[in-house]
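Undergrad: Work out the full structure: start from the sequences and follow the hints.
Going by the working numbering, the first residue of the sequence shown is number 264, and it counts up by one from there.
Just so you know, nobody snuck in bad clues.
Distance ranges between label pairs, derived from CB positions:
1) Tyr-700 to Arg-479: 44 to 52 Å
2) Asp-327 to Leu-291: 56 to 64 Å
3) Pro-534 to Gly-574: 37 to 45 Å
Don't read these hints as lab results, they were simulated from the structure.
For each residue, glycine too, the CB sits at the ideal point set by N, CA and C.
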Amino acid sequence: MKTRLPGCGPRTLRGRLSLVACAAAALLMVVLTVVFNSVVRQRLRQQADDHLYTRAAVIAATVDTTGATARVVEVPDDDALDADVWIYAGPVRLEAPPGAAPKGPLSEAADALAAEGGRRCVTAGRQQPVRLCVRPVTGSAHAPAAVVTALDLTPYRSSADTVLYASLALDAAMLACTYALTRLAVGRALRPVRTMTEQATAWSALASDDRFGDARRPDELSRLGGSLDALLDRIRAGLRHERQLTRELSHELRNPLARIIAELDWWQSRPRSAAEARLARTAIEDAARSMRTICDTLLDDARGGSEAHRGTADVRSALNRLADRPAPTRQVDVRVTDVAEGLTAGVPVALLERAVSPLLDNALRHARSRIRLSACRRDASILIEVTDDGPGVPPSFAPELFRPGRRADPGDGHGGAGLGLPLAGRLARSVDGDVGYDERHRPGARFVVTLPAG
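TA: Put into structure tokens, the structure is as follows:
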């Protein structure tokens, strides 16, 4: 696991991008500065050489090479011309600058240049560099002669150093401006990202329906907005699923919990015989097991595990257990009819009961006197019918029948949250089945649960 050491670079994206921009700019400026100053120094040296060759050409005009040996022709005011000038006739030095020592480093460098011949230049000295150039005198085939001129390079070096320092100062100013402008530009570019992040955080906490949608943004931010919208949708779906599971558990656990409370109240109301106590304990135990089965079934379905939906159930036995439950408030004739022996559904018993139980509870609330449970096999499916003789479902409410939280008449005096039928449909669909309502059945209501055959 990598740990971040304190102080090792900026922590913000703006700081990192600014640092990268400055590093790239610094590298480019170093290259440009080196190239620029190299060109400047080369140019200054070329100017110095041109100046020396021009002076040498002027001095060569005062050298007479028509005789057997070259000689210097005296001209008026030649002191200015003789400054830093050496004139040679072959290897013999004819003239030298007045202040130059015969054996000094400049004189020796001039002698070496004249001896090599041709046009060339060298730099002598390090503390005070001097540039020397030699130029042969034209027309001196019979009496070879050469002129060596010298020039102090200190002013040229000073100019080159001034250009270098100015370049470095300009580079520093450019780097500072680059860093500041990059931080400003990146900050402005990331401002929408910060705003979108804050909005996404607020919307996810409140389960809001707001989304980033198709607002005009750069392509990168549009893709980010799409990703955040998908994330918010997943969060909203998770919250909705959590609320739905809570409501369904509350809805399904209400009946067995009410039965336990009723048995306890009845038990405590007056003394019981041993037989009655055993019956009460059996009823409480059955209700508790039913609660555990409900929790296991709904939680397994919420997890979406395929293992939870494997198994088989004897349809007749399961329907008989459901029919044997006592009516909540009044006596209704509940019977299981037309169910063949050995009819098997390819789902666990708990899931079959939980899919049929909401339909039976609904029928118990609305039936006038009787409820019939029947089942048959059709191709590879098991069809379980729950029929009652109640008022039926109003035709206008039929399209809303399986929507969570919807009731035909909330003020009809019956308890319920409108979650039983949607839960039955969802459990059936989880095993590739379904729950339907027969609108043609009259009088009363008929619901059909379709499950795979075992």
